[in-house]
Amino acid sequence: ADIISTVEFNYTGDLLATGDKGGRVVIFQREQETKSRPLSRGEYNVYSTFQSHEPEFDYLKSLEIEEKINKIRWLPQQNAAHFLLSTNDKTIKLWKISERDKRAEGYNLKDEDGRLREPFRVTELRVPTLKPMDLMVEASPRRTFANAHTYHINSISVNSDYATYLSADDLRINLWHLEVTNRSFKHTTVLKKRLFLRSVLTATFFKKKLVTDLQFSNTESIGSCKSWQWFHVELCVLSAVFEEPEDPSSRSFFSEIISSISDVKFSHNGRYMMTRDYLSVKVWDLNMENRPVETYQVHEYLRSKLCSLYENDCIFDKFECCWNGSDSTIMTGSYNNFFRTFERETHRDITLEASRESSKPRAILKPRKVCTTGKRKKDEITVDSLDFNKKILHTAWHPTENIIAVAATNNLYLFQEKVN
Amino acid sequence: MLGRGLKRKLSDYEENMAGLSSAFDSSRSLPYPLKRQLVLNMCLTKLQTYKMLVEPNLHRSVLIANTVRQIQEEMRQESSQQPVNICPGIAAASHGYAGMESPGIALQLPSGVGQQESHCCDLRSVEDPIENSLLIVSDDDMSSAISSILKDLDFVEDISPPTCLVPTGDDQPKFPENTGLKLEDDRQDLKGAECVFGSFEISNSTSYLKDLAIDDIFEDIDTSMYDSDFCCPPLMPPRSPSLATEEPLKTFPSCNSSSANNIQICRTDLSELDHIMEILVGS
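Same order as they appear, the protein sequences are chains A and B.
Be aware that the first sequence starts at 1, since it is given in full-length UniProt numbering, and climbs by one per residue.
Be aware that the second sequence starts at 1, since it is given in full-length UniProt numbering, and climbs by one per residue.
Everything labelled a hint here was simulated from the structure, so no lab data went into it.
One or more hints might be untrue.
Claimed, not checked - Mimicking DSBU-like on lysine-lysine, the simulated pairs with C-alpha atoms at most 30 angstroms apart in a straight line are:
hint: 1; chain 1: A; residue 1: Lys391; chain 2: A; residue 2: Lys369
hint: 2; chain 1: A; residue 1: Lys61; chain 2: A; residue 2: Lys110
hint: 3; chain 1: A; residue 1: Lys131; chain 2: A; residue 2: Lys68
hint: 4; chain 1: A; residue 1: Lys93; chain 2: A; residue 2: Lys110
hint: 5; chain 1: A; residue 1: Lys21; chain 2: A; residue 2: Lys391
hint: 6; chain 1: A; residue 1: Lys391; chain 2: B; residue 2: Lys35
hint: 7; chain 1: A; residue 1: Lys360; chain 2: A; residue 2: Lys377
hint: 8; chain 1: B; residue 1: Lys35; chain 2: A; residue 2: Lys390
hint: 9; chain 1: A; residue 1: Lys68; chain 2: B; residue 2: Lys35
hint: 10; chain 1: A; residue 1: Lys21; chain 2: A; residue 2: Lys96
hint: 11; chain 1: A; residue 1: Lys390; chain 2: B; residue 2: Lys51
hint: 12; chain 1: A; residue 1: Lys68; chain 2: B; residue 2: Lys51
hint: 13; chain 1: B; residue 1: Lys35; chain 2: A; residue 2: Lys61
hint: 14; chain 1: A; residue 1: Lys21; chain 2: A; residue 2: Lys93
hint: 15; chain 1: A; residue 1: Lys377; chain 2: A; residue 2: Lys366
hint: 16; chain 1: A; residue 1: Lys68; chain 2: A; residue 2: Lys390
hint: 17; chain 1: A; residue 1: Lys391; chain 2: A; residue 2: Lys366
hint: 18; chain 1: A; residue 1: Lys375; chain 2: B; residue 2: Lys35
hint: 19; chain 1: A; residue 1: Lys391; chain 2: B; residue 2: Lys51
hint: 20; chain 1: A; residue 1: Lys360; chain 2: A; residue 2: Lys378
hint: 21; chain 1: A; residue 1: Lys318; chain 2: B; residue 2: Lys35
hint: 22; chain 1: A; residue 1: Lys391; chain 2: A; residue 2: Lys318
hint: 23; chain 1: A; residue 1: Lys96; chain 2: A; residue 2: Lys110
hint: 24; chain 1: A; residue 1: Lys391; chain 2: A; residue 2: Lys360
hint: 25; chain 1: A; residue 1: Lys110; chain 2: A; residue 2: Lys131
hint: 26; chain 1: A; residue 1: Lys391; chain 2: A; residue 2: Lys377
hint: 27; chain 1: B; residue 1: Lys35; chain 2: A; residue 2: Lys21
hint: 28; chain 1: A; residue 1: Lys366; chain 2: A; residue 2: Lys378
hint: 29; chain 1: A; residue 1: Lys96; chain 2: A; residue 2: Lys131
Claimed, not checked - Covered stretches of chain A, as calculated for chain B (at least 3 residues, CB under 8 angstroms):
hint: 30; segment: 249-256
hint: 31; segment: 279-285
As the list claims (entries may be wrong) - DEER-style ranges, computed between Cβ atoms:
hint: 32; chain 1: B; residue 1: Ile279; chain 2: A; residue 2: Lys61; range: 15 to 25 angstroms
hint: 33; chain 1: A; residue 1: Thr373; chain 2: B; residue 2: Ile279; range: 43 to 53 angstroms
hint: 34; chain 1: B; residue 1: Ala23; chain 2: A; residue 2: Arg356; range: 31 to 41 angstroms
hint: 35; chain 1: A; residue 1: Lys369; chain 2: B; residue 2: Leu30; range: 47 to 57 angstroms
hint: 36; chain 1: B; residue 1: Ala23; chain 2: A; residue 2: His177; range: 51 to 61 angstroms
hint: 37; chain 1: B; residue 1: Gln77; chain 2: A; residue 2: Gln297; range: 25 to 35 angstroms
hint: 38; chain 1: A; residue 1: Glu31; chain 2: B; residue 2: Ala23; range: 45 to 55 angstroms
hint: 39; chain 1: A; residue 1: Lys378; chain 2: B; residue 2: Leu30; range: 26 to 36 angstroms
hint: 40; chain 1: B; residue 1: Met277; chain 2: A; residue 2: Arg100; range: 46 to 56 angstroms
Glycine included, C-beta positions come from ideal geometry on N, C-alpha and C.
Chain A on its own, in the form it takes in the complex (with noise of 0.2 angstroms):
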């Protein structure tokens, strides 16, 4: 098992899939609840993997590209089949991943095993039937859209009119249409070029049920969040800016680092936005954009350790959150293995672990806690013995029930709500 370096459910949630560093996507399927395995309901199980990008070279630059998928997006189911778009840093492949559970028998030319009959055992006529057989389930490459990106691509979206898709690597967004591979339709750089490089986006996506509306979010300094409203195809006009005011007593060397945010996720009303910088979650209504409505604090534990995780490259992290279906809880990643949720009414929160010591099947999570102060209650954990290599930064929550996935390096862990 690699790394994982992705998770996203489809529309219904009976999907589940994920990317590792090889280039792997992995899907899961949710078990239909039966009557002869009832407690079988909300497991996944495998549904089919393969192989969607390779390492490639880049004879150009002399670069070798990683197969690493950055990101999976699954398209609206449409038909009988399901198609998702994944990408690695340079090149976006749409999947189409379809089931065959019959098998035609009865050919005129050829045997059962393939091999041609001579033609003078031919002597009837007979009409292919078809059989069933055991369920298999293919994927195959359906487009491939490449070559349109310098810097590696940390973002794709689909458009709600399901025809279009952006796609956006540190400084350029590119929207293509699903149909048309040897050319991205409009490409738009966001990025002034008279400035010193000083921004990147770092997550772009289009908003929910607007087709104009596109919103992506770089590197300010004070970490803000930027809305791009298209009127027009060709037009691109800049509607909001998200900032909050730095504040100036907390100001230190790493407050750009720190303020930066790694991703951005819509509520499912349309109506919050949340973004994700190093330390904090921050849920900001669309209509303020002078500062969120709420923070959370992730790991305020780590503020005083930000040299320490600068020298180790730990602060250029890239956590992910998520909303759950409601829109009443997010959910973020740490380290140690430890992910948050957070209850937006309520103001409670807790710290669970996600790793095979502290949880078995089936049994429920116990909540962990992270000494801040000197003296260490008995399971609480000091911040100096936090293993900062087992990141989650991926997790993934059921668009309407409480499962979420969660990616601890190489292990996907999936956690449900108990249900009595």
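With chain A fixed as given, assemble chain B onto it according to the hints.
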């Protein structure tokens, strides 16, 4: 249940840094300039390392470069308020840094040397510019070193020799553009002595998008500076030496021909490059 804690790297230099960075985090008593110097050293080390990587992560490079700029701007403001003096603690650190092999630093020395020559002509001889520059421990050198690294990262329009540290209050260029800058001709902006870390960038950084005109947004970025052509940057492009040679000759007739120095320094760069390549390939 105990984790392994923070990663430690193996090299001596980095081990020292690791110790220092925990000292930074845990101790409140470290003087601010020392903390700042520590962070600056880490940033510059990282930038050097990233330059050698096959495909540097642009996001990280930008963040680190911004941090360096911020520190540099602070130092510049401080030094513009006080006379430039040599602080022993900082001197030791910057000497340690300047001792690191780096084509970028070696390259920048000519203009740094030019600086020294212009302002401290009586202090050191011209014949041995590199050695003297390595021994010089002052903010000028730090700034030159930083400029060299950042200019490799930046598609800077406003070029500046590091005159900004000497508060002449004078915006007219005393020196031409820095040697070694790879700028396209149509974007060369000879505004002159404006510092690479122009204050307008730093103070207005948060609202630049609000101030943009719509048309400006769509111009293409030239990011050739950020591309990791690490075989190329240390070598000066052909046209710059001519500029560099002409102007210093005009301004300082007393100096020996800078072109000879440039060639000397080119050779040094190449041999340093070779050395670095040896290390990389050997490892």
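Verification of the supplied hints:
no., hint, verdict
1, Lys391(A) with Lys369(A), "holds (16 angstroms)"
2, Lys61(A) with Lys110(A), "violated (49 angstroms)"
3, Lys131(A) with Lys68(A), "violated (39 angstroms)"
4, Lys93(A) with Lys110(A), "violated (35 angstroms)"
5, Lys21(A) with Lys391(A), "holds (15 angstroms)"
6, Lys391(A) with Lys35(B), "holds (28 angstroms)"
7, Lys360(A) with Lys377(A), "holds (24 angstroms)"
8, Lys35(B) with Lys390(A), "holds (29 angstroms)"
9, Lys68(A) with Lys35(B), "violated (37 angstroms)"
10, Lys21(A) with Lys96(A), "holds (21 angstroms)"
11, Lys390(A) with Lys51(B), "holds (27 angstroms)"
12, Lys68(A) with Lys51(B), "holds (22 angstroms)"
13, Lys35(B) with Lys61(A), "violated (38 angstroms)"
14, Lys21(A) with Lys93(A), "holds (16 angstroms)"
15, Lys377(A) with Lys366(A), "holds (15 angstroms)"
16, Lys68(A) with Lys390(A), "holds (18 angstroms)"
17, Lys391(A) with Lys366(A), "holds (18 angstroms)"
18, Lys375(A) with Lys35(B), "holds (29 angstroms)"
19, Lys391(A) with Lys51(B), "holds (26 angstroms)"
20, Lys360(A) with Lys378(A), "holds (21 angstroms)"
21, Lys318(A) with Lys35(B), "holds (26 angstroms)"
22, Lys391(A) with Lys318(A), "holds (10 angstroms)"
23, Lys96(A) with Lys110(A), "holds (28 angstroms)"
24, Lys391(A) with Lys360(A), "holds (20 angstroms)"
25, Lys110(A) with Lys131(A), "holds (16 angstroms)"
26, Lys391(A) with Lys377(A), "holds (24 angstroms)"
27, Lys35(B) with Lys21(A), "violated (37 angstroms)"
28, Lys366(A) with Lys378(A), "holds (13 angstroms)"
29, Lys96(A) with Lys131(A), "holds (23 angstroms)"
30, 249-256, "holds (count 3)"
31, 279-285, "violated (count 0)"
32, Ile279(B) with Lys61(A): 15 to 25 angstroms, "holds (22 angstroms)"
33, Thr373(A) with Ile279(B): 43 to 53 angstroms, "holds (46 angstroms)"
34, Ala23(B) with Arg356(A): 31 to 41 angstroms, "holds (36 angstroms)"
35, Lys369(A) with Leu30(B): 47 to 57 angstroms, "violated (30 angstroms)"
36, Ala23(B) with His177(A): 51 to 61 angstroms, "holds (55 angstroms)"
37, Gln77(B) with Gln297(A): 25 to 35 angstroms, "holds (32 angstroms)"
38, Glu31(A) with Ala23(B): 45 to 55 angstroms, "holds (54 angstroms)"
39, Lys378(A) with Leu30(B): 26 to 36 angstroms, "holds (34 angstroms)"
40, Met277(B) with Arg100(A): 46 to 56 angstroms, "holds (54 angstroms)"
This entry does not satisfy hints 2, 3, 4, 9, 13, 27, 31 and 35, going by the numbered hints stated previously.
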